[in-house]
Amino acid sequence: MERDERVFVMGEDVGQRGGIGEAARAYYGTNGALKVPMTVRIPYGGGIRGGLFHSQNVEALFFHTPGLLVVTPSTPYEAKGLLKSAIRDDNPVIFLEHKKTYRLVRGEVPDDDYTIPIGPDGIAAEVVDLRTLKPLDTATILASVRKTGKLLIVHEDNISGGIGAEIAALAADEAFEYLDAPIARLCGPDVPTMPFAQTLEDAYMPNPEAIASELRRLASY
112 MERDERVFVM
122 GEDVGQRGGI
132 GEAARAYYGT
142 NGALKVPMTV
152 RIPYGGGIRG
162 GLFHSQNVEA
172 LFFHTPGLLV
182 VTPSTPYEAK
192 GLLKSAIRDD
202 NPVIFLEHKK
212 TYRLVRGEVP
222 DDDYTIPIGP
232 DGIAAEVVDL
242 RTLKPLDTAT
252 ILASVRKTGK
262 LLIVHEDNIS
272 GGIGAEIAAL
282 AADEAFEYLD
292 APIARLCGPD
302 VPTMPFAQTL
312 EDAYMPNPEA
322 IASELRRLAS
332 Y
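Residue numbers (the working numbering): 112 to 332.
Just so you know, the hints here were simulated from the structure itself, not pulled from any lab data. Owing to the predicted nature of the structure, the values given are computational and were not obtained by experimental measurement. It is possible that part of the hints are untrue.
[Unchecked claim] Calculated cross-link-like contacts (lysine to aspartate or glutamate; reagent style EDC-like; alpha-carbon spacing at most 16 Å): (1) Lys191 - Asp223; (2) Lys261 - Glu237; (3) Lys261 - Glu288; (4) Lys261 - Asp291; (5) Lys146 - Asp200; (6) Lys258 - Asp291; (7) Lys261 - Glu285; (8) Lys195 - Asp223; (9) Lys211 - Asp268; (10) Lys261 - Asp284; (11) Lys261 - Glu325; (12) Lys258 - Glu288; (13) Lys210 - Asp268; (14) Lys195 - Asp224.
Hey, can you work out the whole structure from these sequences and the hints?
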């Protein structure tokens, strides 16, 4: 079943033992003798009124597991390029697909066979798009912090133990002297699951108004 798109597992919980317990450790455990060219596509995320059904952000769970690569594209162009790179990689790759992008994000995708290297991140107007979470492009993050002197981390996952904490620690450890304001995080609250009700889900999700408000607060320093 190697690289067989017909194999589809709906629900990341079904594959966690095999993915985390076996695939992520195979190369290390066999001293490189065994490779696991496996790509696991995982729909996730809120914003579509899915409630507790596959709405929770699970990026930090896989990010915490050594041996896994984790990518999360935000555009159709990135999705195609990163998926091709993931499929051709000899390591297990967790390919996170936010469910809201299925419905709202549109874009041109070339017919050409192209790939996007797993690791580097796109940056525009000092917005760092971490399309690859593991390995984390620390150079891009630190360059932006050193240039702007501020850092606002936004992610949908709940705030405790999220990837934002790892990014904040990186900036504090390696770019503290460049900061002229506290590191800020705008994340989901620590609740067990995504709510069904539209008003509650909207309150859970980071939104443009909240981001703008937090940016204004940081700019006041």
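Hints, verified against the model:
In summary, the hint linking Lys191 to Asp223 is supported, as the alpha carbons are separated by about 10 Å, within the 16 Å threshold. The suggested pairing of Lys261 with Glu237 holds, with an alpha-carbon distance near 10 Å, which does not exceed 16 Å. With a C-alpha separation of about 11 Å, the suggested pair Lys261 and Glu288 falls inside the 16 Å cut-off, and the hint holds. The straight-line distance between the Cα atoms of Lys261 and Asp291 is roughly 6 Å, inside the 16 Å bound, and the hint therefore holds.
Annotation: proposed proximity of Lys146 to Asp200 holds, straight-line Cα distance about 10 Å (limit 16 Å). Distance restraint check for Lys258 and Asp291: the Cα-Cα separation of roughly 11 Å lies within the 16 Å cut-off, and the hinted pair is therefore satisfied. A threshold of 16 Å between alpha carbons decides the hint, and for Lys261 with Glu285 the separation of about 13 Å falls inside it, so the pair holds. For a cut-off of 16 Å, the pair hint linking Lys195 to Asp223 stands: about 12 Å separates their Cα positions.
With a CA separation close to 14 Å, the supplied pair Lys211 and Asp268 stays within the 16 Å bound. Distance restraint check for Lys261 and Asp284: the Cα-Cα separation of roughly 14 Å lies within the 16 Å cut-off, and the hinted pair is therefore satisfied. Between Lys261 and Glu325 the alpha-carbon distance is near 11 Å, which keeps this suggested pair within the 16 Å criterion. Distance restraint check for Lys258 and Glu288: the Cα-Cα separation of roughly 12 Å lies within the 16 Å cut-off, and the hinted pair is therefore satisfied.
A C-alpha spacing of about 14 Å is found between Lys210 and Asp268, which places the hinted pair at or below 16 Å, so the restraint holds. With a C-alpha separation of about 8 Å, the suggested pair Lys195 and Asp224 falls inside the 16 Å cut-off, and the hint holds.
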